[in-house]
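Asks: Heads up: the sequence lines are chains A and B, in that order. Residue numbers for the first sequence follow the numbering used here, beginning at -12 and rising by one. Residue numbers for the second sequence follow the numbering used here, beginning at 2 and rising by one.
Among these hints, one or two may not hold up.
Below, a list of computed lysine to any residue pairs in the SDA-like style, where the Cα atoms sit at most 20 Å apart [what the hints assert, rightly or not]:
id: 1; chain 1: B; residue 1: 14; chain 2: B; residue 2: 114
id: 2; chain 1: A; residue 1: -10; chain 2: B; residue 2: 59
id: 3; chain 1: A; residue 1: -10; chain 2: B; residue 2: 58
id: 4; chain 1: A; residue 1: -10; chain 2: B; residue 2: 64
id: 5; chain 1: B; residue 1: 14; chain 2: B; residue 2: 64
id: 6; chain 1: A; residue 1: -10; chain 2: B; residue 2: 101
id: 7; chain 1: A; residue 1: -10; chain 2: A; residue 2: 15
id: 8; chain 1: A; residue 1: -10; chain 2: A; residue 2: 46
id: 9; chain 1: A; residue 1: 56; chain 2: A; residue 2: 42
id: 10; chain 1: B; residue 1: 14; chain 2: B; residue 2: 112
id: 11; chain 1: A; residue 1: -10; chain 2: B; residue 2: 114
id: 12; chain 1: A; residue 1: -10; chain 2: B; residue 2: 40
id: 13; chain 1: A; residue 1: -10; chain 2: B; residue 2: 22
id: 14; chain 1: A; residue 1: -10; chain 2: B; residue 2: 57
id: 15; chain 1: B; residue 1: 58; chain 2: A; residue 2: 86
id: 16; chain 1: B; residue 1: 58; chain 2: B; residue 2: 23
id: 17; chain 1: A; residue 1: -10; chain 2: A; residue 2: 57
id: 18; chain 1: A; residue 1: -10; chain 2: B; residue 2: 39
id: 19; chain 1: A; residue 1: 56; chain 2: A; residue 2: 37
Partial list, derived from the structure: chain A residues whose beta carbon lies under 7 Å from chain B [to be verified]:
id: 20; residue: 27
id: 21; residue: 30
id: 22; residue: 33
id: 23; residue: 82
id: 24; residue: 85
id: 25; residue: 87
Because the hints were derived from the structure by calculation, they are not lab data. Positions of the beta carbon are idealized from the N, C-alpha and C atoms, including for glycine.
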Amino acid sequence: DAKTTQPNSMESNEEEPVHLPCNHSTISGTDYIHWYRQLPSQGPEYVIHGLTSNVNNRMASLAIAEDRKSSTLILHRATLRDAAVYYCISNTGNQFYFGTGTSLTVIP
Amino acid sequence: KAGVTQTPRYLIKTRGQQVTLSCSPISGHRSVSWYQQTPGQGLQFLFEYFSETQRNKGNFPGRFSGRQFSNSRSEMNVSTLELGDSALYLCASSRGPQGYEQYFGPGTRLTVT
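Next comes chain B alone, as it looks inside the complex (with noise of 0.2 Å):
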């Protein structure tokens, strides 16, 4: 079975711009959380969707969003960016809502410059 993998896997950005990161989770799985992780702070959450609905948020900003279609492949997508976005983010994902063991993708690699 295939794992969770996540496109691009690096990405280099300007300030002020826009980027859409894409993840498709193992086949069966419904549910695909999103993880930012920097050296400074580590691994936080940032939103999980089930079934293409919203379930839980993180706390950042607007600027981060997300959105689940129907074939349960998930996007999050960061605008205006700024210097401190620059990070590895994750994609999870699990065959039911968070509290199932998750499976994390290899991560996309952001650089804000």
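Just chain A, same shape as in the assembly (with noise of 0.2 Å):
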């Protein structure tokens, strides 16, 4: 089973750039990475997805390494309301693969 890491908490200042990383070794060349966030008592949110090259939504914008075996998630100014667990999901053989997350606290 692909799986990803994530560091399981991380801090940022508000309104300054988040990137949240992901690692994802035993990806496969066809498997999507995907992001998804759960803010309290919410079920997950969809935030940005990818295959090889960088991708940019009005949430966020993903960058993922040549190597694909790492992405980076980046939110380009960080609000309180960006507070929430991230997590960082290989797409494999139609399953989805939660990590455990990055506990995102954000600082007013």
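Each chain sits in its own coordinate frame; assemble them with the hints.
Replies: This is how it looks when you write it as structure tokens:
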């Protein structure tokens, strides 16, 4: 099973950029990399996904390493509403494997 | 457009009983996936249904089962409940098979006593 590893927790100051890393060294060539986040007392929420090249949307950017063994979710300006657990997921065999996630604390 | 709805939101059951949880996907979505979330194990994939067929199943015992109806609504059933089944059960829907953007419901909090 392709697994992902993330730091347990990170902190960021409000309005500063945040770079959330993820290692997925066993990812196969056709596995997408997805990011979801879970706010307190809510179900997970889609953030972004990609395969090989960097991706941008209104919420975040996803930078994927050339060898695809790691990726970084970039929140360009952290707000208090971005405080959540961020999950990096590899999509293997059409199954989603959620890791333990990174708990992001945003400091006002 | 209405989001994913799950019923009931909270449930208390006794060991040995069985329980059925319901999930209504977003209109037009044909794929429904179920997950179990516990503090110790995190989010774990249970199974996925697409067009009334189970496409994938996670590593859970046969006491966990599910089905999908022709209107894409899905139910999951847990028989012979154990204390360890206490968890938040999340349902997610997507337009196509897993790999597409998934939309999660608020979950059903099951407590087994």
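Asks: With reference to the structure, classify each hint as holding or not holding.
Replies: Verification of the supplied hints:
1. B/14 with B/114: holds, 6 Å
2. A/-10 with B/59: holds, 14 Å
3. A/-10 with B/58: holds, 17 Å
4. A/-10 with B/64: Cα-Cα ~26 Å, so violated.
5. B/14 with B/64: holds, 15 Å
6. A/-10 with B/101: holds, 19 Å
7. A/-10 with A/15: Holds, at roughly 11 Å.
8. A/-10 with A/46: At roughly 24 Å apart (the allowed maximum being 20 Å), residue 46 of chain A and residue -10 of chain A break the hint.
9. A/56 with A/42: holds, 16 Å
10. B/14 with B/112: Holds - the C-alpha atoms of residue 112 of chain B and residue 14 of chain B are around 6 Å apart, at most 20 Å.
11. A/-10 with B/114: violated, 33 Å
12. A/-10 with B/40: Roughly 19 Å separates the two Cα atoms, so the pair holds.
13. A/-10 with B/22: violated, 29 Å
14. A/-10 with B/57: Holds - the C-alpha atoms of residue 57 of chain B and residue -10 of chain A are around 18 Å apart, at most 20 Å.
15. B/58 with A/86: holds, 18 Å
16. B/58 with B/23: holds, 18 Å
17. A/-10 with A/57: Holds, at roughly 11 Å.
18. A/-10 with B/39: holds, 18 Å
19. A/56 with A/37: holds, 13 Å
20. 27: Interface hint status for residue 27 of chain A: violated (12 Å vs cutoff 7 Å).
21. 30: Cβ of residue 30 of chain A sits 3 Å from chain B, so the hint holds.
22. 33: Holds: closest Cβ of chain B sits about 5 Å from residue 33 of chain A, inside 7 Å.
23. 82: For residue 82 of chain A, the interface hint holds, since the closest Cβ of chain B sits about 5 Å away, which is under 7 Å.
24. 85: holds, 4 Å
25. 87: holds, 5 Å
Of the numbered hints listed earlier, those contradicted by the structure are 4, 8, 11, 13 and 20.
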